[in-house]
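Colleague: Please build the complete structure, drawing on both the sequences and the hints.
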Amino acid sequence: MPQNLISATATAVFIVGPLLAILINNLLPRTLAQKICLKVGIAATLLQIAAVCSCVWLFFANSSYHISFSVFWNMSAQPGAARFYVDFLSLTVMLAIGLVSLVSLLTANESIKDKALNFSNLLMICMIGMNGLVMVNDLFSLYIFLEITGIAAFVLIALLREERGLEGAFKYLAMSAIASVFLLASLALIFMETGDLHFANVAALLSSPAQASQPLLLMIASLFFITAFSIKAAMVPFHGWLPDAYQSAPAAVSVLLGGIVTKAAGVYAIIRVLSGAFSGVLAGVFSHVQNVHVVFAILGLVSILYGAIAAIGQRDMKRMLAYSSISQMGYIVLGAATGSVIGLVGAALHFFNHATFKGTLFVNAAALEKQTGSTDLEVLPCGLQARMPLTAISSMLAFFSTAGIPPLAGFWSKFLIILAVWQSGSPLMAGLALLASIITAAYFLRIQRKVFFGQPDDSSNEITEVKGSLALAEWLLSIITVGCGLLFPALLLLMQSKGLF
Amino acid sequence: MLNILSQLIAGGNNHTNLIYIMLALPAILGLVVILLPVKGYGGRSVAFIGALVINALAALGLLLGENFSMRFPWVHLGDFSIQFSLRVYNFSAFILIAIAAIALLIGIYTVVFMRGKSHYGSFYCFFLLNLALANGAALANNLIVLLFFWAGLLVTLFAMIAIGNRNNVSAAVKALIISAVADLLLILGIAITVWQSGGKMMMDEIMPLPLTGLNNVGFVLMMLGALGKAGAIPFHSWIPDAAKDAPLPFMAMMPGALEKLLGIYLAVRVARDFYALEPGSGMSMFIMIIGVVTIILAVGMAMIQKDMKRLLSFHAISQVGYMVLGIGTALPVGIVGALFHMLNNAIYKSALFLSAGAVERSCGTTDLKQISGLRRVMPITAIGFTIAALSISGVPPFNGFFSKELIFDAALESGLVFYILALLGAFMTAASFLKLGHAAFFGPLKWPHIEESNNPNPRETPAAMYVPLLILAAFCLVFGLGNVIPLAGIQSILGDFMAGHDYSGWPHSMSLVLISLAVLIFAVLNHLFGKLRTGQAVKALDHIHYAPGLHQVYNVAEKGYLDPYEWLMFAIKAYAKLCFAIDRAIDWIYNVLLVKLISVLSKGLAHLNNGHSTRYMAWVFVGMLFVLLALILYL
Chain A
1 MPQNLISATA
11 TAVFIVGPLL
21 AILINNLLPR
31 TLAQKICLKV
41 GIAATLLQIA
51 AVCSCVWLFF
61 ANSSYHISFS
71 VFWNMSAQPG
81 AARFYVDFLS
91 LTVMLAIGLV
101 SLVSLLTANE
111 SIKDKALNFS
121 NLLMICMIGM
131 NGLVMVNDLF
141 SLYIFLEITG
151 IAAFVLIALL
161 REERGLEGAF
171 KYLAMSAIAS
181 VFLLASLALI
191 FMETGDLHFA
201 NVAALLSSPA
211 QASQPLLLMI
221 ASLFFITAFS
231 IKAAMVPFHG
241 WLPDAYQSAP
251 AAVSVLLGGI
261 VTKAAGVYAI
271 IRVLSGAFSG
281 VLAGVFSHVQ
291 NVHVVFAILG
301 LVSILYGAIA
311 AIGQRDMKRM
321 LAYSSISQMG
331 YIVLGAATGS
341 VIGLVGAALH
351 FFNHATFKGT
361 LFVNAAALEK
371 QTGSTDLEVL
381 PCGLQARMPL
391 TAISSMLAFF
401 STAGIPPLAG
411 FWSKFLIILA
421 VWQSGSPLMA
431 GLALLASIIT
441 AAYFLRIQRK
451 VFFGQPDDSS
461 NEITEVKGSL
471 ALAEWLLSII
481 TVGCGLLFPA
491 LLLLMQSKGL
501 F
Chain B
1 MLNILSQLIA
11 GGNNHTNLIY
21 IMLALPAILG
31 LVVILLPVKG
41 YGGRSVAFIG
51 ALVINALAAL
61 GLLLGENFSM
71 RFPWVHLGDF
81 SIQFSLRVYN
91 FSAFILIAIA
101 AIALLIGIYT
111 VVFMRGKSHY
121 GSFYCFFLLN
131 LALANGAALA
141 NNLIVLLFFW
151 AGLLVTLFAM
161 IAIGNRNNVS
171 AAVKALIISA
181 VADLLLILGI
191 AITVWQSGGK
201 MMMDEIMPLP
211 LTGLNNVGFV
221 LMMLGALGKA
231 GAIPFHSWIP
241 DAAKDAPLPF
251 MAMMPGALEK
261 LLGIYLAVRV
271 ARDFYALEPG
281 SGMSMFIMII
291 GVVTIILAVG
301 MAMIQKDMKR
311 LLSFHAISQV
321 GYMVLGIGTA
331 LPVGIVGALF
341 HMLNNAIYKS
351 ALFLSAGAVE
361 RSCGTTDLKQ
371 ISGLRRVMPI
381 TAIGFTIAAL
391 SISGVPPFNG
401 FFSKELIFDA
411 ALESGLVFYI
421 LALLGAFMTA
431 ASFLKLGHAA
441 FFGPLKWPHI
451 EESNNPNPRE
461 TPAAMYVPLL
471 ILAAFCLVFG
481 LGNVIPLAGI
491 QSILGDFMAG
501 HDYSGWPHSM
511 SLVLISLAVL
521 IFAVLNHLFG
531 KLRTGQAVKA
541 LDHIHYAPGL
551 HQVYNVAEKG
561 YLDPYEWLMF
571 AIKAYAKLCF
581 AIDRAIDWIY
591 NVLLVKLISV
601 LSKGLAHLNN
611 GHSTRYMAWV
621 FVGMLFVLLA
631 LILYL
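Residue numbers (this note's numbering), protein chains in the order written: chain A, 1 to 501; chain B, 1 to 635.
Treat the hints as calculated values from the structure; they're not laboratory data. Note that the Cβ used here is the ideal one computed from N, Cα and C, for glycine as well. Do not take every clue at face value.
[Said to hold, decoys possible] So the derived list for chain B, only partly shown, Cβ under 10 Å to chain A, looks like this:
(1) Ile598
(2) Ser599
(3) Leu601
(4) Arg615
(5) Tyr616
(6) Met617
(7) Trp619
(8) Phe626
(9) Ile632
[As the list claims (entries may be wrong)] Not close to chain A: a few residues of chain B, all C-beta gaps over 10 Å, as computed:
(10) Gly42
(11) Leu214
(12) Asn216
(13) Glu413
(14) Val417
(15) Lys446
(16) Leu477
(17) Leu532
(18) Lys603
(19) Met624
Modeller: Laid out in C-alpha cells, this is it:
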C-alpha cells in the first residue's frame, strides 16, 4: 500500500532518522564521534531531502496529495493522541528543514570545531522538533514539538558559552517562555470550549463562533494564541528577542535560526492555523475566523515595513539580516492572512525561498566572518568582489531574490503574495508591501556596495575566497535560488494541472 | 530628352510626364551627383547643369501647356484619406519657370564658383534636392502635400548652410530653428484651415473663408508660415548670419530668390484663395504693418553694414517688406505689385549676390573697408552690379521702379503713413546702394594685399560667372521697359480680380513718380553730403549711423538684442535652467531628504531594540492590547 509506504517513510526518516543520528553519535567512541558527527548529521539531512523527494513522487504517482497516519496510536484513538498529517505544505517545509540543516552543518564544519558533537546532537533534536511540528495534526502535539525545537535552539545559541551568546539565548528563552504560557492558556481555553484539540474538529467548532457558549472566552483564546505565535514568529512588536539572538548566535546557528527555526516554529504554525493549506481537506483552525485573518494581515504588514526600515540603519551584517528576516516573515504571514489560494501558495513558496536566500546570506556572513574576522560593515574592507567572487555573486543573487527581482525565486513568491493581497481588496496594503521590497533592495545594495563592489584596498590583500564546505553551501544555495526561479512557473502550472489549487 | 522635346512640340497636351521630371529628375540626379567617383568634378558638373537645363525645359513646357491637375491616393486610414495631388495652372507654372530660370543661371555660376572648393558634390546634391522640393511645393494641390515639400526644404536649407562652415553650424541651426517655428505655425494654420473649410484639403476646392472668428487665427498662422519662409520680420534674423558662412550661390538661390518666390506665392494663395482678405480690414492692416516694419528695420540695418554680403542679406529681408505690404493692401494694384516685385526681386537680388560672389572670388573678401574701385579690374561685374543696384533702388526704367510704383500706389490708397514709410524705405535702399556701389566699384582701386597668401591682382571672373549675372541684369532692363510681358502673365493669374485693370506700361500716376524721383535725388544728395563729410564712400552713411539716438539703437541691434531668435534662445536657456533647478530639487528629495528621513527613522527603530528583555516583554503586552483592540473592532 502506498499509503503505508509513505507513512513508513515519513515516520522513519523525519523522526527516526535524526534520532538514529543522535544514537550513532553518542554510542561511538568519543574521539571517533567528534570526527564523524557532522557527517552523520549530513547523512540524516540528505536522507530527509531524499525522503521528501520520494514522498512528492509518491503523491504524484498515486494522485493522492495528503496522508494521515498515527505512529504509536490507532487512528481512532482518543483526543490528545499523536496523529500525523502530511501534505504539500508539510513537505515544502520539511524540504526547507533538510536543506537549511544541511547548510548549517556545512557551515559548522568550517566554524565549529570542538563543540561539533554537541552541535550535531542539538541540531538533530531541533530537526525532530521541526519535523514533528509540521506533521502534527492537533494543537497539543504542536505545542510539544514547539517546545522541543525551542529548547534545542536556546542551547544552540549559547553553544560557545560566550557572554553574548548566553545573553541572546536568555532573551529568546524568556520570550519563548511567555509564548508557551500564552499558548498553553489558549489551548486550555479552546479545549474548554470545544472539548477537542484536533485541527479539523477545532475548526469545525470555531467556524460558527456565534454558537459558541462563551464568545468572550474564545476571543481571549484567540488573543493568547496570536500573541504566542507572534512571539515565536517575531512579528512586530513581539520581535524584540530576534535581532539579539541572531546576532549573538554562532555562524552555523545563525544559518539555522534565520533559515528555518523561527519560521518553522512560528510562521508555519500561523500558516497552518490560518488555512487548510493546499489540499483543502485539513481545515485551518482559524480558517473561518475573519478577524484573526485581519489581525495577522496587519501584523504582517507592520513587520514588513518595520523590518525593512530598521534594516537600513544597521551596521552589523547579521543584525541587518535579522531585521530583513522580520520583514520577509511579514510577507509570508501577510500572504497566508489573505486566506486565498494564491496567497497561501505564495506564502508557502516564500517560506521555501526565504530558507534558501536567507540561508545563503547567513552563510555569506559566516564566510566573511571566517575570512575577515568581522561582520561589521564599518570594519569590513571594501571591494571584496575581487577577493571573494563566489561569496560576492552568491550574495548578490540572494539579495536580488530577497528584493523580488525576476527571474529569481523570490520574485515569484513575492509576486503571488502581493497579487493575493491586491485581489483581497486591499490595494493600499499591496502598495506598501511593494514599497517595502524597494527598501529591501536599498539596504541590500548598501551592503553589496560597501563590501563587495568598488576597488579592493590594500587591507584586503590577504583575504581569500572560502573553500570546502562553505563554498559548497554557497554554490548549492545559489543554484537552488536561480533554478527555482526558472522552474517556478513550470512547477505552479504542474500543480495547477493536478488540481492542487 | 527626345520625349520632352516631343512633348514640348506637341504643346497643349497634358504634360504629366513633365511633372514627374520636375519632381524626380533633380532629386535623382542630386543623389547621383554625390555618388559619382570622388574626382569626377567634370562629370558631376555636367550632370548638375544637365538636371537644371532639363528642369528649365520642363518648366517651360508646363508654362506653355494647358492647365491640368492630377491626383492619386496617398494615405488611407479608414474614411480619412489624403490625395497626392499636383496642379499646373498659370500661377504655379509662373513660379516654376521663375524658379527654374534662376536655378539654371545660379547653377552655371555655381559650377565655377565651387571649383576647387571641398564639398562641392554635397552642395550640388542639396541644390538639386532643394530644387525638386521647391518644384513640389509650387505644384502641390493638397495642403498636406504642400506641407510635405515645404518642410522638406528645411533639410536642404540646413545642409546648404552647414556646408559653408562645417566646424560651426550655429548659423545653420539658427536657420533651421527659425524656419521650423515658421513651419510649425504653418502646420497649425493648415489644420485650422482644413477644419474650418469642412475637411477640404485640396487647395483648388477650398472656397475663400471669410475672416471671422477662428478663421482669423488660421489666416494669421498660415500667413506667418508663408511670410516666415519669405524671411519677413520676425523670421529674418538667420539670413545675415547665414551670409557670413553659407556659400554665396546659396545666398543668391535661397534667401535671394527661391524662398521669396515660394513664400510670396503661398501668401498670395492664402490671402486670395483660402481666405478672403478685404481691403481696409483689421487683418489687412496687420499684414501691412508686418510689411512696413520689415522694410524699415531691415533696410535701417542694411545702411550701416560695412560688408557687402551682410548688407545684401539685410536687403534680402527688406524687399520682402514691399511684397508683404502689397499683399496686405488686398487691392488689385497691391497684389499685382507684390507679385511683380517678387519676380523682380528674385532677378536683381540674385544678380547682386552673384556680383558679391564675384568680388569675394577676386579679392578674397567682401569687406567694404578693404576694397575699392573694382570697376577698373572687373568691368563686367561692375556693369551687372550697377544695373541690379539701380533696379533695386527703383530707378527708371529698370524693373524695380515699376513694381515699387505699383506698391506705392496701393500703399497710398490704404493709408498715408504706409506710403510715407515705404518711401522712407526706398530712400534708405537707394542710400545704402549708393554707398555700396560707390565704395566697392568706384573710387581709387584698392584690394587687400596679403603677402603670405600671394594674392594676385583682382581680375574679371570667368564667363560662366559673369554671363548669368549679365543675363539677370538684362532681365532687369527687359522687365522694366517691357513690363507688359510679366504683368500680362501676373494679371492673368489673378483672373477676374483684375477685371478692368491693367497696370502695364508707364505708372498711371505721374505725381507719385515725381515724388519717387525726388526721394531718389534726395538720396543722392545725402550720399554726396556724407561722402564730403568723411571723404570715404564707405562712410557715406555714418552721419545717420552715428546720429544721436540712432547710434544707441544701432548698437543694441548689432549686438543681437533685437533678434527674436536671441530672445527665444534666452527663453529656452532660462527654461532649461528652471528645469535643471526643478530636477535638482527632485534629486534632492530622493538623494538627501528621503535618505535622511529613512535613516533617521531606521536609527530610531533600531534604538527601540536596546537589548533589555524587560522592554521586549513590555512590547509584547502593548502588542497584545492592539491585537485585542483589532479583534474586537473586526469581530
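Colleague: Using the nearest Cβ pair, does Ser599(B) come within less than 10 Å of chain A?
Modeller: holds (6 Å)
Colleague: Would the least Cβ to Cβ distance between Lys446(B) and chain A come out above 10 Å?
Modeller: holds (68 Å)
Colleague: Does the closest beta carbon of chain A sit nearer than 10 Å to the beta carbon of Ile632(B)?
Modeller: holds (7 Å)
Colleague: Would the non-interface assignment of Lys603(B) survive a Cβ cutoff of 10 Å against chain A?
Modeller: violated (5 Å)
Colleague: Go through the hint on Arg615(B) and say holds or violated, using the shortest Cβ distance to chain A against 10 Å.
Modeller: holds (7 Å)
Colleague: Met624(B): least C-beta distance to chain A exceeds 10 Å?
Modeller: Per Cβ check, Met624(B) is inside 10 Å of chain A; nearest 5 Å; violated.
Colleague: Quick one: work out the minimum CB distance from Leu477(B) to chain A and report holds if it exceeds 10 Å, violated otherwise.
Modeller: Non-interface label on Leu477(B) holds, nearest chain A Cβ at 81 Å vs cutoff 10 Å.
Colleague: Does the claim that Leu214(B) lies outside the interface with chain A hold up, using a Cβ gap greater than 10 Å?
Modeller: holds (45 Å)
Colleague: The output says Leu532(B) does not contact chain A. Does that hold with a beta carbon cutoff of 10 Å?
Modeller: holds (79 Å)
Colleague: Is the interface hint satisfied for Leu601(B)? The criterion is a beta-carbon contact with chain A at less than 10 Å.
Modeller: Interface hint status for Leu601(B): holds (5 Å vs cutoff 10 Å).
Colleague: Is Glu413(B) truly not at the interface, in the sense that its beta carbon sits beyond 10 Å from all beta carbons of chain A?
Modeller: holds (73 Å)
Colleague: Does the interface hint hold: is Ile598(B) within less than 10 Å of chain A, judged Cβ to Cβ?
Modeller: holds (6 Å)
Checked against the numbered hints above, the structure violates hints 18 and 19; every other hint is satisfied.
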